[in-house]
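Engineer: If you want the building blocks of each chain, they are given just below.
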Amino acid sequence: MLERIRSATGGRILGLAPLDLIGLLVLAAAIIFVIPRVADRGAGYLAQVIVFGIALGAIYALVALGYTMVYGIVELINFAHGDVFTLGAFISLPLLGAFGLVEDKSHGIGLLLGLIPVFLITMALCALVNVAIERVAYRPLRNAPRLAPLITAIGMSSILEGAMFLWRGPFNIHYPDLLPANQIPIGGGVTISAKSVIIVGVAIILVLALSLFINRSTLGKAMRATAQDRDAAQLMGININATIATTFFIGAALAGAGGIIYGLYFGTLTAFLGFTVGLYAFTAAVFGGIGNIPGAALGGLLIGMFSQFSDAYVDTAWTQVLIFALLILVLVFRPSGLLGMRVPEK
Amino acid sequence: MNRLLALARANSRNPNAIAYAAMLIAALLYPEVAQFITGGNGDALVGLAADAGVFVLLAIGLNVVVGFAGLLDLGYAAFFAIGAYTYAMIASNELATSPLHHAIHVPFWIALFVGLFVAALAGALLGAPTLRLRGDYLAIVTLGFGEIVPRVYRNLNVWTGGVFGISAIDPPTVPRWLGGPWSGDPFGFLTDLQLTSANLTGFYVVIVIIIIGVVILVNNLQRSRLGRAWMAIREDETAAAATGVNTVNIKLLAFAIGASTSGFAGAFYGAKLSVVNSDQFSFTISITVLSMVVLGGMGNIPGAMIGGILLYFILYKFLPDAPNQVASLFQSVGLGWLNNTNPNGWPGIGEEVNRLKFIIFGLILVLIMLYRPQGLLPSRARRLELTHDEVTGIAAPRELQT
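These protein sequence lines are chains W and C, in that order.
Following our numbering, the numbering of the first sequence begins with 250 at its first residue and continues without gaps.
Following our numbering, the numbering of the second sequence begins with 4 at its first residue and continues without gaps.
These are calculated hints, taken from the structure and not from any lab test.
Treat the hints with care, since some could be wrong.
Label-pair distances were calculated between CB atoms; the ranges are [claimed, not checked]:
| hint | chain 1 | residue 1 | chain 2 | residue 2 | range |
| --- | --- | --- | --- | --- | --- |
| 1 | C | Ala127 | W | Pro389 | 28 to 38 Å |
| 2 | C | Leu373 | W | Thr517 | 33 to 43 Å |
| 3 | C | Arg137 | W | Val287 | 49 to 59 Å |
None of the values given here were measured: they were computed from a predicted structure.
Think of the CB as a built atom: it goes at the ideal place given N, C-alpha and C, for glycine as much as any other residue.
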């Protein structure tokens, strides 16, 4: 019977491809599972979870942008990207001290004037590291079999983790809690921490700046052209190597900023943080549609929300399992993501 | 005898044959040499070699997936975990406290194959929907799977002992003559002697025999129709499909065979350690095995084995021993102040050496892929295709090049 329906509709049921249908069923089951638990805890709790989810999502979005830009332009999963994010947090630690920012002592305008150079220097250093990685480990292998750059990417990730491990050891590192701890009431007994507002604000500014850059500037145009067709772009006189290096530069700058924000928000770091965060962010990039910049921002937000909901309503021990399961499900059922288009393999 | 000599002469220039012969001789001599140089206290060294054997087995299995079929599997430790946990659950008292209320004690040799089949099944279940994906997506899917499996084992604490894992797993039982001339009781035909931590040589012998069997099997596979299909897919999947290779099934077979080897190794590992714990199967294991295969030479069985042996001894013998030796070296050359920890986070030079592990993985992966993508002991076909610069097409005549 099912076969007959399928053959009559060209493999589709109710206008959906069979794989999409299974995906939707899984989604429905998840929603039915969570709804009673959400109702149990009340609306105030829900609002709190959503606020946390947005703040976390903003961080994932910043990292996911780098993954998606690099994948869009050279079709490489830059495994080292997550570790560049951690590197941002690690580099900024001594810089905070150098600019006189001390926990509980820096406030107001002094804090702002200190944080801005810390952000800029960290972003620049992370960007240079990432460009160097591209130059050393990916560019020589651009025409090699696909497996080769993937393996060097894993290797670079391991080297970065190893370097930070050498530097700071296996311990949890305390990151100074500089942002104001005020709670802003928004009515109905629900409060938003000032921290979350600042973090989301910074992330939004960075994402807007990035999309302006890509859509308006000449270099952004060159990046879009290179992503579409590298050879044709080269024939039009675009310097491919410089464009790809710029992509790595910008992606890493955003990840470095994400690292500082993570440190300021959560207050602890380890050398291996980038592995998990990187995977989450990659999930976000795939979820939104890899190669698609608004998609990565949206995906980051959704993954942040998803992980907070799972922490709050399922069990923190299962959050990672659920996110990685989501990653596999998305790749199997909808590899083009939410906003991406189905691209044939090149 | 003459025939043996002729065989030796015919293969005297074949690097693979030399590598096999060298490894076989080394494997036979190792326990005696280890006992000899330590004055009879070499049990720890022999046990270490038994663990190295487990990793060699893993490297052979991953070589099928990555080297033969060209599928990057970054979650190989997952199947290792599945094999180990399967063995641990069906050969210990663990299930007595589970909802089953009944402990199962399957004999070692059967349980080993149960571990193998469960891992192969998991590999097939994961592979069936995901092997359609392009190579880099597959890498991410396996990476995700590798993160999921140990966490699921840790979270299902009713069945698997949760954070503490499963301990007091049944040791393997083997006929005593397998202990051979090394066990000190060569011809006692007492069956069912239990291998315990007091008799690590027995584990060593068992793993060496297993490795020999697996090498013969995988070698035959490589030369079979299936092996050629794997290589065709690795070179060019579209062309392979066009020439009538059922790419999905063939890739699935590679994946499942790799997974089953890993599961087999996991079951043995569980039996040897007599403890399994979800922390033993982290991403570090997957990347260790990948580094072994890349170091030795992707697509070449003796290469992967030698890479496995080398890297295992660097990571688990040289690095753990190094801190003390490095510290005393620096003391003796007058740089003793480097050994003192200081409050800025410097833990002493010895500890820093001990932390080098991740840099070593990274350097192996990057440097080998950049400068010698065929590995230390390359397979001939693989070397030709990985040194891609030379075959960029027919160059224009000299005078036309500007």
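Engineer: None of the hints should be skipped; say for each whether it holds.
Structural biologist: A quick look at each hint next to the structure:
Between C/Ala127 and W/Pro389 the Cβ separation comes to about 37 Å, which falls inside the hinted range of 28 to 38 Å. Look at C/Leu373 against W/Thr517: about 36 Å separates their beta carbons, and that is inside 33 to 43 Å. A hinted range of 49 to 59 Å for the beta carbons of C/Arg137 and W/Val287 is inconsistent with their spacing of about 37 Å.
Of the numbered hints given earlier, the model fails hint 3 alone.
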